[in-house]
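Enquirer: Residue numbers (the working numbering), protein chains in the order written: chain A, 1 to 102; chain B, 1 to 479; chain C, 1 to 491.
In case anyone wonders, no lab produced these hints; they're calculated from the structure.
Keep in mind that the hints are not guaranteed to be accurate.
Calculated lysine to any residue pairs in the SDA-like style (CA-CA distance at most 20 Å, straight line) [stated by the list, open to error]:
1) C:Lys387 - A:Asn44
2) C:Lys387 - A:Tyr38
3) A:Lys43 - C:Gly372
4) B:Lys464 - B:Ser412
Ranges between beta-carbon positions, derived for each pair [claimed, not checked]:
5) B:Gly358 - A:Ser87: 28 to 36 Å
6) A:Gly48 - C:Gln5: 40 to 48 Å
7) A:Thr41 - C:Ala63: 39 to 47 Å
8) A:Val74 - C:Arg38: 41 to 49 Å
9) B:Pro341 - A:Val74: 56 to 64 Å
10) C:Glu338 - A:Val74: 41 to 49 Å
11) A:Gly48 - C:Ala419: 20 to 28 Å
Being a predicted model, the structure only gives us computed values, none of them experimental.
Note that CB positions come from ideal geometry on N, CA and C, so glycine has one too.
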Amino acid sequence: MPRIQPDEVRTIATLARLRLSPEEIERMTHELDAILEYIDTVKNLDTGDTEPMTHAVPFDCPLRQDEPMPSLSVEDALQNAPRRRDSFFEVPRIVPGSGEGS
Amino acid sequence: MSVDRYEAVIGLEVHVHLASRSKIFSSSSTTFGEQPNSCTDPVCLGLPGALPVLNRAVVDAAVRLGLAVGSHIRPRCRFARKHYFYPDLPKGFQISQYEEPLCEGGAVEFRLAGEARTVRLTRIHLEDDAGKNIHDDSGVSFVDFNRAGVPLAEIVSEPDIRSSEEAAEYMRALRTLVRTLGISDGNMEEGSLRCDANVSLRLHGAEKLGTKAELKNINSFKHVREAIEHEIRRQAVILDRGEAVVQETRLWDPERGLSQSMRSKEHAHDYRYFPEPDLPPLAVDQAWIDRARASLPELPEKRFRRYTETLGLSAQDAGVLASEREIADYFDAASKSCLAPAKKVANWIINEVLARVGDPRALAAAALPVPASALAELVDLVERGTLSGKLAKDVFGRMWQEKRRAGDIVASESVALVSDAGLIEETCKKIVAAHPDEVARFRAGQSKLLGFFVGKVMKEMAGKADPKTANEILQKLLG
Amino acid sequence: MASPQVKGATIAELADGVRARKWKARELVEFYLDRIARLDGRLGCYLLVDADGARRRADQVDATVGAGRDPGLLAGVPIGLKDIFVTRGLETTAGSKILRGFVPPYESTVSARLAAAGAIALGKLNMDEFAMGSSNENSAFRPVHNPWDLERVPGGSSGGSAASVAASLCAGSLGTDTGGSIRQPASLCGVAGMKPTYGRVSRYGVIAFASSLDHPGPFGRTVEDVAMLLEVIAGHDPCDATSIPSPVGRYRQACAAGLAGMRVGVPEEYFQAGMDPEVEAAVRGAIDEIARAGAKLVPVSLPHTQYAVATYYLVCTAEASSNLARYDGVRYGHRTAEAASLDELYSKTRGEGFGVEPKRRIILGTYVLRSGYYEAYYGKALRVRRKIADDFRAVFDQCDVLATPTSPTAAFKLGERQADPLQMYLADIYTVAPALAGVPALSQCCGFTKGNLPIGLQIIGPPLGEEAVFRVAGEYQRHTDWHKRLPKDPS
Chain A
1 MPRIQPDEVR TIATLARLRL SPEEIERMTH ELDAILEYID TVKNLDTGDT EPMTHAVPFD
61 CPLRQDEPMP SLSVEDALQN APRRRDSFFE VPRIVPGSGE GS
Chain B
1 MSVDRYEAVI GLEVHVHLAS RSKIFSSSST TFGEQPNSCT DPVCLGLPGA LPVLNRAVVD
61 AAVRLGLAVG SHIRPRCRFA RKHYFYPDLP KGFQISQYEE PLCEGGAVEF RLAGEARTVR
121 LTRIHLEDDA GKNIHDDSGV SFVDFNRAGV PLAEIVSEPD IRSSEEAAEY MRALRTLVRT
181 LGISDGNMEE GSLRCDANVS LRLHGAEKLG TKAELKNINS FKHVREAIEH EIRRQAVILD
241 RGEAVVQETR LWDPERGLSQ SMRSKEHAHD YRYFPEPDLP PLAVDQAWID RARASLPELP
301 EKRFRRYTET LGLSAQDAGV LASEREIADY FDAASKSCLA PAKKVANWII NEVLARVGDP
361 RALAAAALPV PASALAELVD LVERGTLSGK LAKDVFGRMW QEKRRAGDIV ASESVALVSD
421 AGLIEETCKK IVAAHPDEVA RFRAGQSKLL GFFVGKVMKE MAGKADPKTA NEILQKLLG
Chain C
1 MASPQVKGAT IAELADGVRA RKWKARELVE FYLDRIARLD GRLGCYLLVD ADGARRRADQ
61 VDATVGAGRD PGLLAGVPIG LKDIFVTRGL ETTAGSKILR GFVPPYESTV SARLAAAGAI
121 ALGKLNMDEF AMGSSNENSA FRPVHNPWDL ERVPGGSSGG SAASVAASLC AGSLGTDTGG
181 SIRQPASLCG VAGMKPTYGR VSRYGVIAFA SSLDHPGPFG RTVEDVAMLL EVIAGHDPCD
241 ATSIPSPVGR YRQACAAGLA GMRVGVPEEY FQAGMDPEVE AAVRGAIDEI ARAGAKLVPV
301 SLPHTQYAVA TYYLVCTAEA SSNLARYDGV RYGHRTAEAA SLDELYSKTR GEGFGVEPKR
361 RIILGTYVLR SGYYEAYYGK ALRVRRKIAD DFRAVFDQCD VLATPTSPTA AFKLGERQAD
421 PLQMYLADIY TVAPALAGVP ALSQCCGFTK GNLPIGLQII GPPLGEEAVF RVAGEYQRHT
481 DWHKRLPKDP S
């Protein structure tokens with residue numbers, strides 16, 4: 001029983017906003033299946049109540065002073081913009097309310 | 001009305017823009033001008049290789065907020081990445097908090113139609129704001145990242161709210177609170193206070209919660225009431241038909257007074273939260289909490305109770321005075337240095353000062369024409385009888401215009417009431433002698449004519465007669 | 001002409017030479033630029049050569065020397081930078097088409113520190129796309145060829161960084177190591193390379209692959225060169241919240257301090273049956289040499305080693321899927337030519353811009369972070385990660401450093417492992433665990449196969465134990481001359 005099916009790869013590709021060709025989906029399903037099988041060894045290891053290790057440093061979050069520093073110039077901020085209008089970044093029309101933001 | 005069959009169960013998620021000088025994870029300024037993308041840096045633009053560094057003042061503001069509402073401040077909390085794709089989200093994820101937020105629990109107290117209410121909080125956490133999308137009529141949209149990275153505190157309430165009015169009052173209470181603490185402008189129209197509402201209905205007496213819908217795009221206290229009202233009616237109609245409410249997000253349209261489903265056909269949200277690897281856990285120790293607690297000002301509800309219970313002010317007056325920190329501070333300062341009872345000071349502030357000042361925050365400004373001590377001085381002049389109420393109002397007007405103290409104006413222009421009985425008596429005799437008809441009618445029983453005589457005396461003395469004395473003398477003269 | 005002396009010179013010698021006016025920085029730069037122009041066509045090390053910038057910087061260094069002022073510790077030393085380090089005004093691609101043409105408006109901390117010390121960046125070095133790979137065959141532009149055998153891979157992901165030092169196309173270089181991407185190519189190319197303690201070197205301006213695992217670090221022909229570079233780039237950076245505040249050690253000094261009395265642990269899990277016999281022979285030979293030099297060998301165990309590769313690929317792909325979410329065609333980089341909607345803009349841009357390996361890891365990473373799967377996969381991996389780190393902590397009670405092979409094999413042929421990604425992942429078996437634990441580890445040459453391919457020895461130390469690592473590595477190098485061997489120039 002394969003661990004992952006093409007449909008699931010398609011769903012994940014959508015979540016990740018990654019357009020994959022049918023060949024890519026096919027191939028990736030195969031590869032991921034093998035990788036997930038290998039990864040099962042970790043999944044099945046009993047770790048008891050070991051704490052997760054999210055960071056490899058032993059200290060707490062450093063804090064910085066609330067001092068504003070000079071920003072990038074508008075030109076620097078926009079210099080790599082694939083598409084711009086004046087000092088905005090331009091994107092295809094956003095349907096208002098189609099996402100998270102307002 | 002079908003809505004009466006149901007109990008509305010409402011929870012609010014409120015985002016407060018914390019007024020630090022620089023952004024939460026980078027050092028660009030939070031006060032930006034008109035030009036789009038003039039206030040960005042590699043971090044808030046999401047450039048490759050950029051890393052977040054946490055702003056201490058932002059944490060402090062959130063700690064103070066948590067303490068003010070009685071939350072538990074976690075000694076150690078974590079940041080998490082919340083993933084979704086949207087043009088105003090430069091990294092493709094927001095840095096927020098998920099499993100271990102800064103504050104847990106707490107409650108907001110306020111009054112609804114004179115009754116004390118408490119809404120419990122689930123949590124308060126920190127996160128960064130996204131940029132702004134602007135749309136025009138062509139087929140494109142525009143993105144401005146000036147706002148990206150501005151610090152937000154998200155306040156999540158328990159579903160304790162039961163009406164749209166209560167929701168609006170809750171929002172007002174939060175606004176007053178954050179302004180009192182000095183951590184935010186709390187301005188809904190400008191976006192420094194935003195709310196999403198979760199609304200569900202259930203039959204009265206039922207235990208289980210109904211399916212909730214989330215309302216977005218609520219941009220004013222008025223919208224809070226209207227949007228929630230509309231949603232309650234919408235859900236009541238559905239439930240009456242025996243159908244089920246769909247769990248979805250709906251966008252409030254204030255122009256049309258209705259909401260539209262935002263339910264996206266393709267993708268359900270899976271934020272794929274995981275601990276932010278670029279920020280180690282945040283520690284807030286007891287010393288920090290103690291310092292923050294010691295720095296808290298008198299909180300709005302406590303202030304309100306002091307005004308009503310200790311000072312005996314009416315709920316309405318106390319409400320106005322406690323609604324903004326600057327008004328309450330001004331009132332406290334004035335009434336402290338004043339012999340007159342607090343009620344009188346309150347009246348002066350509510351009727352005269354607030355009418356002139358515009359933005360109440362100007363009460364704390366050095367350029368204020370009538371500082372608290374100056375008002376106190378004026379009120380005491382009335383209290384001692386040196387000025388009549390009406391005279392004092394004129395004096396106040398001049399104090400405001402000319403930025404002069406009452407004592408100064410009174411002394412330089414002999415504005416003070418003439419209380420010299422002899423002088424008043426002379427004028428009264430003169431008036432009585434000049435109006436024999438009225439005297440006769442008064443003595444015949446038209447006692448209301450006393451006012452006529454007092455008025456004439458006041459006119460003769462250019463309003464400066466002490467009306468009480470004039471009154472007594474006239475009564476004696478007229479018999 | 002200075003050429004023969006320069007070709008074999010160490011960084012210390014070059015910098016000393018510039019300060020002593022034995023040669024000019026400009027001469028050094030021209031020497032390397034000339035070699036790059038003649039030879040890099042066959043090797044593929046550089047994605048971008050900044051000849052003008054290098055000459056300008058060199059002239060500045062020479063002017064400073066001429067004016068009698070101190071030009072810095074690395075005066076005039078020509079350096080290559082893996083194209084993962086953001087360089088202001090100079091295209092930076094991370095080896096990917098999705099960043100082709102991206103010109104950063106800011107500079108990475110480490111490249112700024114090198115420049116401040118007088119080093120001269122010759123250009124940006126080839127790499128596996130977004131640091132994902134162990135052979136540099138995943139570069140979107142062209143592969144890198146191993147200078148010891150042009151038909152073989154140099155290792156990855158810092159393939160260009162390792163090969164350029166081996167082929168004398170720069171005197172030293174910077175790379176990054178997330179699961180072995182400095183150590184493994186160092187091993188395959190016969191040079192020294194170090195992954196420092198996590199947080200020892202700032203990640204500000206390092207294009208992120210896996211944030212909790214990315215370690216910027218140096219390559220050099222000798223252990224001292226690596227130590228010199230590390231001293232310059234290491235140290236606290238307020239722009240990186242995971243940057244360690246403690247002061248930088250005296251690494252160069254440690255290289256000469258000797259290893260008398262040190263205990264060198266030999267973990268059994270790194271010497272399993274079925275090892276490549278030439279690798280085993282060379283590494284065991286090196287360990288014996290270290291014992292003869294005065295170290296005490298201690299057999300130890302790192303019991304969770306068998307889970308390290310799987311744990312690594314769970315953690316790094318999850319973080320990668322997140323770090324790569326920003327490449328959406330809105331603010332920089334590739335953007336699809338036609339998009340009718342926002343979703344199309346994203347999907348087509350990313351589908352076109354990313355190569356096979358990033359796509360694979362984004363899909364896997366997204367999968368393991370999905371709600372419902374998180375605890376079983378990512379959550380679990382973080383716990384196993386702590387167990388792996390605890391293994392190291394326990395072992396460093398019994399010894400000062402560990403000695404192991406760096407790579408299970410010497411360089412393999414180009415194209416040999418393309419068909420099976422899992423096979424490629426398994427080659428990381430000796431390098432991933434120290435990355436997961438965040439402990440410092442260095443690879444240095446310890447022999448050659450019959451086919452004249454380099455074999456690497458890995459020295460692993462405790463957190464902030466770089467000095468111990470340099471002591472052992474420096475002493476070993478003093479007893480051998482593998483580091484003096486140079487590959488023939490490609491014809």
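Enquirer: Determine which of the earlier numbered hints do not hold for this structure and return their numbers in increasing order.
Expert: 6, 7, 10 and 11
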